[in-house]
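Participant: With the hints as your guide, set chain B onto chain A.
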Amino acid sequence: MPVSYDEMFDNIGPEANGAARPHYGNFDHWLKAMPSGRLEQKRREAEVLFHRVGITFAVYGEKEGAERLIPFDIVPRIIPRDEWKMLDAGLRQRVKALNLFLHDVYHDQEILAAGKVPSDLILHNAEYKPVMRGMDVPGGIYSHISGVDIVRAGRGEYYVLEDNLRVPSGVSYMIENRRMMMRLFPELFAMHSVAPVEHYPDRLLDVLRSVAPDAVDEPTVAVLTPGFHNSAYFEHAFLAQQMGVELVEGQDLFVRDDTVYMRTTQGPQRVHVIYRRINDDYLDPTVFKPDSMLGVPGIFAAYRAGRVTLANAIGAGIADDKSVYPYVPDMIRFYLGEEPILYNVQTYKLRDREDLSYALDHLPELVVKEVHGAGGYGMLVGPAASKAQIAAFRERILAEPSKYIAQPTLALSSCPTYVASGLAPRHVDFRPYVLSGKEIHIVPGGLTRVALAEGSLVVNSSQGGGTKDTWVLEE
Amino acid sequence: MLCRTANDLYWTARHIERAENTARLVDVSQRIALLPERLDPARHEAGAWRRALDALGTVQAYSRLNGPVVAHKVLRYLCLDPANPSSIYSCIRAARESARAQRGAVTLEMYEDLNTSWIEMRQIGQQRFEDEGLPRFIEWVKTRSASFRGVTIGTLGRDDPYHFLRLGTFLERADWCVRLMDVKYSQAESEAGDARSALGYYQWSALLNALSAMEMYRRRYRETILPERVAELMILNPDSPRSLATCTVTVHRTLAALAGPGNHEVVRQAGALMAETRYGRIDDLFAAGMEGWLRRVMTRLFELARQIDRHFLLTPEAVK
Numbered sequence: 001m002p003v004s005y006d007e008m009f010d011n012i013g014p015e016a017n018g019a020a021r022p023h024y025g026n027f028d029h030w031l032k033a034m035p036s037g038r039l040e041q042k043r044r045e046a047e048v049l050f051h052r053v054g055i056t057f058a059v060y061g062e063k064e065g066a067e068r069l070i071p072f073d074i075v076p077r078i079i080p081r082d083e084w085k086m087l088d089a090g091l092r093q094r095v096k097a098l099n100l101f102l103h104d105v106y107h108d109q110e111i112l113a114a115g116k117v118p119s120d121l122i123l124h125n126a127e128y129k130p131v132m133r134g135m136d137v138p139g140g141i142y143s144h145i146s147g148v149d150i151v152r153a154g155r156g157e158y159y160v161l162e163d164n165l166r167v168p169s170g171v172s173y174m175i176e177n178r179r180m181m182m183r184l185f186p187e188l189f190a191m192h193s194v195a196p197v198e199h200y201p202d203r204l205l206d207v208l209r210s211v212a213p214d215a216v217d218e219p220t221v222a223v224l225t226p227g228f229h230n231s232a233y234f235e236h237a238f239l240a241q242q243m244g245v246e247l248v249e250g251q252d253l254f255v256r257d258d259t260v261y262m263r264t265t266q267g268p269q270r271v272h273v274i275y276r277r278i279n280d281d282y283l284d285p286t287v288f289k290p291d292s293m294l295g296v297p298g299i300f301a302a303y304r305a306g307r308v309t310l311a312n313a314i315g316a317g318i319a320d321d322k323s324v325y326p327y328v329p330d331m332i333r334f335y336l337g338e339e340p341i342l343y344n345v346q347t348y349k350l351r352d353r354e355d356l357s358y359a360l361d362h363l364p365e366l367v368v369k370e371v372h373g374a375g376g377y378g379m380l381v382g383p384a385a386s387k388a389q390i391a392a393f394r395e396r397i398l399a400e401p402s403k404y405i406a407q408p409t410l411a412l413s414s415c416p417t418y419v420a421s422g423l424a425p426r427h428v429d430f431r432p433y434v435l436s437g438k439e440i441h442i443v444p445g446g447l448t449r450v451a452l453a454e455g456s457l458v459v460n461s462s463q464g465g466g467t468k469d470t471w472v473l474e475e
Numbered sequence: 001m002l003c004r005t006a007n008d009l010y011w012t013a014r015h016i017e018r019a020e021n022t023a024r025l026v027d028v029s030q031r032i033a034l035l036p037e038r039l040d041p042a043r044h045e046a047g048a049w050r051r052a053l054d055a056l057g058t059v060q061a062y063s064r065l066n067g068p069v070v071a072h073k074v075l076r077y078l079c080l081d082p083a084n085p086s087s088i089y090s091c092i093r094a095a096r097e098s099a100r101a102q103r104g105a106v107t108l109e110m111y112e113d114l115n116t117s118w119i120e121m122r123q124i125g126q127q128r129f130e131d132e133g134l135p136r137f138i139e140w141v142k143t144r145s146a147s148f149r150g151v152t153i154g155t156l157g158r159d160d161p162y163h164f165l166r167l168g169t170f171l172e173r174a175d176w177c178v179r180l181m182d183v184k185y186s187q188a189e190s191e192a193g194d195a196r197s198a199l200g201y202y203q204w205s206a207l208l209n210a211l212s213a214m215e216m217y218r219r220r221y222r223e224t225i226l227p228e229r230v231a232e233l234m235i236l237n238p239d240s241p242r243s244l245a246t247c248t249v250t251v252h253r254t255l256a257a258l259a260g261p262g263n264h265e266v267v268r269q270a271g272a273l274m275a276e277t278r279y280g281r282i283d284d285l286f287a288a289g290m291e292g293w294l295r296r297v298m299t300r301l302f303e304l305a306r307q308i309d310r311h312f313l314l315t316p317e318a319v320k
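Sequence order for the protein chains is A and B. Heads up: the first sequence at position 330 corresponds to 330 in my numbering, and the numbers run straight through without jumps. Heads up: the second sequence at position 111 corresponds to 111 in my numbering, and the numbers run straight through without jumps.
Because the hints were derived from the structure by calculation, they are not lab data. Every residue, glycine too, gets a C-beta built ideally from N, C-alpha and C.
Here are a few chain A residues that face chain B, going by a calculated C-beta distance under 7 Å:
| # | residue |
| --- | --- |
| 1 | Arg52 |
| 2 | Phe228 |
| 3 | Ala237 |
| 4 | Ala240 |
| 5 | Gln241 |
| 6 | Glu246 |
| 7 | Leu247 |
| 8 | Asp252 |
| 9 | Arg263 |
| 10 | Thr264 |
| 11 | Thr265 |
Output of the computed footprint for chain A on chain B, the stretches with three or more beta carbons under 8 Å from beta carbons of chain A:
| # | segment |
| --- | --- |
| 12 | 101-108 |
| 13 | 113-127 |
Ranges of calculated distance between the beta carbons of each label pair, as one might list FRET restraints:
| # | chain 1 | residue 1 | chain 2 | residue 2 | range |
| --- | --- | --- | --- | --- | --- |
| 14 | A | Gln266 | B | Arg64 | 37 to 45 Å |
| 15 | B | Gly57 | A | Glu47 | 39 to 47 Å |
| 16 | A | His51 | B | Pro68 | 35 to 43 Å |
Extracted from the complex, chain A is given alone in its bound form (with noise of 0.2 Å):
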């Protein structure tokens, strides 16, 4: 395994001096003058204020109601002004080519007919939704929300590594992380210009307000939520409260001659937006599954009929497909004949031939993925598994090799990381939200993932990640 682009230490390359990078100057100055014994103390302290504010998940598969801290970690992600500004633009101009993709798709599907995508991959593939063809959504807005997962690796190269864009989690860690960071150590930020992110729900609420059907002009928002089982409840109910709007489940919805109402103390009330926290397949139980608890009977009927909206649109999980994540370069190119600001991750589709054969043949060396599959479940990573685990999956990718995409093993970049022995490096991701309604709002941040075990590079809070305050700062 190379070395990793350490984002705090200056660890690469031939002039690599292992010093403390400029922008982490001011907090490496601070962390020397900290006496022995107050990080531990105040890693405990955040532990204590975490579990009684509440903020925990649930696991799938472990005791039901089961809940966990997902651990907080105390030195921040800090990125430098000039490094954001690039992915400020680079997630822009990748998301408004998805939404455009998404709204070709289901409409005149040029990019198809152009031969840029192949017509089966999207058409066959169980994320596009025939129901949506033909129907026209508010602004032509299919991801409001959009979660973009972005690594660092080499010498500090950005890569996105997948697009989120059917119900993406984790923003309210990011506003949590922050407002603990600043409750622990609130001298660092009078050190530093950190750019703030605690109106990210004011933002969601005006995107979504922005796009209520036509003519309403104080539309009612609401959060459909699964319920307090659900993994993500925490975070449904922070937003609900954040932007001031109901938290709903399926059923307390109904809907009317095409109209989608709630249930009131005071009757029932009109809902026009809903931001929905549920899959596809859940939402309505006469179109999708049939056994589904958790959604409204007809909510699809008057969304079809223009009388709700739901963010994000039904369908557009078709864009954030594994299989798909390879063309986006080309939507890029091909809806805003621009080159893409952000690259993708070299990939190989082990639906075709050369790329099979060539996964085969390397796969110690990398990283395969199910095209559905999402959490961090079902995936090989090569340089960690056993000859037994390898050969296994060798057997499930054969018998169905257009299931798998597989990718090289990236030395994804670490940050010094509050662990037992002490300061260490752990690898991190970093998740920023994109919001789109009629316009694009971007909050100078987002969530930072952090592997705790060593060498590691899952991230995912499923599999034991943690997370860590992230700092973009504006001089």
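Facilitator: Structure of chain B alone, referenced to chain A:
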């Protein structure tokens, strides 16, 4: 607001109030159980604890799990037993669960407060309960309840969520007030003894102490402790924060505000009950038979709770 939200908040408040009232009931029972046998003839058969279970209507449920009435088992059953849905443990868990489902409708501080109660409750096992003693536990429950009440009053806006919480608190308190008086009076009437006897004196003062109403009694009556006076204080006195009159006045006012203009059955029922307690006279209640009156009030409170369900908490899908 959402019916489901209203329902959860209403029950959050009921459960917290129930935890506090159960603590107060345990307190009064313990005070009586510690009286010498001369003053509590039923002491040898854990009479105070049997009456506590009676007040809650849980004698049978208790016996099924624990057999005969034994002081330490009743204590465990009322305070710590997860199998008893009305134990203090279960009430705190239920209150926190309801609030967790409705974090968006309560303030962060309210949720933090309930979460703190629940985290601490889980740490109080049998051993710690015994080591630290009952008074400390009761104090803790009352403090947690007071803290939630204070945080609610201090941080929550005065709109629907606040009103549904108040509704839950005062309906639960009313119900409990009636139950407690009922147990005391049915016992007082059956014993038919000299109300001024030392027995009566200590039992009634235990009750007043458990209700934090001793000082108020002294100030108001400047007299020794008489059952009629206690009844007046706990049922009819509008200045006493835990009296039935205070509860019914608040419930009526809250319901009227929530229901808005128009004639609503739920408001009418609450108003009738309020009028009877607010303008009743203690002599009339005793003349007509206190026990029967209390039983009738219990039934009416039950019916009122059903009306609240029907009017606010379940909404038909009729669109105006």
